[in-house]
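Peer 1: Listed here are the chains, written in short residue letters.
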Amino acid sequence: MTAASRVITGITFTTDEAKGIFEVEASDGAHLLDLATRLKAAGFDHCLSVTAEDLGDRLAVLWHISSYINRELSNMNAQIKLIVSKSDNVEVPTLTGIWESANFLERETYEMFGVVFKGHPDMRRLLLPDDFAGKWPMRKDFPLKKTPWRVQK
Amino acid sequence: MGGGADGVAYFGNLETVSKKAVSFLKKQGYVKSMINWGDKFSLWPVHLMTSCCGTEFAAASGPRFDLERLGFLPFGGPRQTNLIVIEGTTTLKMARSVRIVWEQMPAPKWVIAMGACAMDGGIFYDSYNTVPARDIVPVDIFLAGCPPRPEALARAVVMLQESIVKNRPPAADIQVAAAPATPGPKDVVEAVSK
Ligand code: SF4
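If you read the sequences in order, they're chains A and B.
If you read the first sequence in the numbering used here, its first letter stands for residue 44, the second for the next number, and so on.
If you read the second sequence in the numbering used here, its first letter stands for residue 8, the second for the next number, and so on.
There could be a bad hint or two in this list.
[As the list claims (entries may be wrong)] With a straight-line cut-off of 20 Å between C-alpha atoms, the simulated DMTMM-like cross-links for lysine to aspartate or glutamate are: (1) A/K183 x B/D133; (2) A/K161 x A/D184; (3) B/K100 x A/E151; (4) B/K100 x A/D173; (5) A/K178 x B/D133; (6) B/K100 x A/D131.
[To be verified] Some chain A residues judged to face chain B by a derived CB distance under 7 Å, without partners named: (7) P136; (8) V159; (9) P186.
By construction, these hints were calculated from the structure, which means they are not laboratory data.
From the three backbone atoms N, C-alpha and C, an ideal C-beta is built for every residue, glycine too.
Turn these sequences into a full structure, and let the hints guide you.
Peer 2: This is how it looks when you write it as structure tokens:
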């Protein structure tokens with residue numbers, strides 16, 4: 044293991060030990076599925092969380108994965124990242140086929156960030172009220188109701 | 008036969024006299040002050056825990072702070088209660104439940120908005136999902152703090168008792184009478200999610 048990267052089954056993770064970050068970035072949807080399949084085979088057996096990050100004109104969709112059975116891998120929370128350009132309904136492939144526990148997490152990412160996971164078995168809202176009027180409340184361009192001077196944006 | 012305070016005396020038919028005596032007592036405010044006295048020591052809140060302030064509410068009702076000595080006896084259901092303490096943040100979904108619970112309570116009813124979140128959002132200020140308590144129901148007392156300590160809740164209850172004794176009508180009576188129509192939960196949500 045080096046300070047700046049770590050290799051698992053031929054996949055190079057960029058690391059920051061102090062912050063506990065192990066990250067691999069997928070270049071596109073096909074690459075993402077390929078990465079996920081290989082990581083599952085290497086011992087990452089569950090998905091911890093799915094979220095997204097608003098980078099202005101792009102969105103970074105993040106899957107955090109870890110392991111229960113493999114002692115060495117269970118110490119790390121690895122992160123798979125896919126950067127896509129921002130639009131109303133961003134489409135990325137789902138990883139529910141590989142990690143079943145991503146199901147609800149991807150639904151939450153859908154309602155908060157407007158990321159549509161293609162191939163997801165049940166792409167509905169999870170927590171928001173059914174008649175919630177606005178779109179994608181966690182994106183930075185979501186219009187808020189009050190004066191923003193108290194809130195850093 | 009019969010009689011009243013301040014040297015007033017009534018004579019004649021028992022039925023007429025008792026009616027006169029009752030109207031005298033009502034006019035003098037004795038009946039009202041007795042009802043107020045009863046209300047003052049039976050502020051029974053419905054325990055609707057919307058957020059983390061609910062832990063302080065629970066502590067206040069527990070043996071150490073024991074708000075029951077002020078007549079503050081939490082109930083599970085809204086039908087026997089006359090006070091609702093909005094215990095912290097209300098989300099859009101919870102705002103509907105709060106409104107429904109409030110509408111089920113018999114009058115007269117009072118509302119205490121507990122915590123910074125119920126006042127103006129608190130740490131969730133300007134969120135897409137929080138509703139200030141005043142947009143849901145008419146509020147009598149705003150209680151600051153994050154969370155307010157049980158002593159603060161006791162203070163709010165005492166303040167409410169004082170206002171009852173001073174014969175102030177509940178905010179529900181004032182504001183519902185002033186409003187053109189009672190806003191339903193749907194209207195609340197629409198007003199907020201714009
Ligand atoms: S005011 Fe503080 S303690 Fe109360 S609900 Fe809000 S965050 Fe929680």
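Peer 1: Does each hint hold? Answer for all of them.
Peer 2: Hints and how they fare:
1. A/K183 x B/D133: Cα-Cα ~13 Å, so holds.
2. A/K161 x A/D184: 24 Å, violated
3. B/K100 x A/E151: 16 Å, holds
4. B/K100 x A/D173: 10 Å, holds
5. A/K178 x B/D133: Answer holds: A/K178 to B/D133 is near 16 Å, not above 20 Å.
6. B/K100 x A/D131: With Cα atoms ~25 Å apart, B/K100 and A/D131 exceed 20 Å; violated.
7. P136: Not OK, violated: A/P136 not within 7 Å of chain B, min 28 Å.
8. V159: This hint is violated: A/V159 lies away from chain B, its Cβ roughly 20 Å from the closest one there, beyond 7 Å.
9. P186: 9 Å, violated
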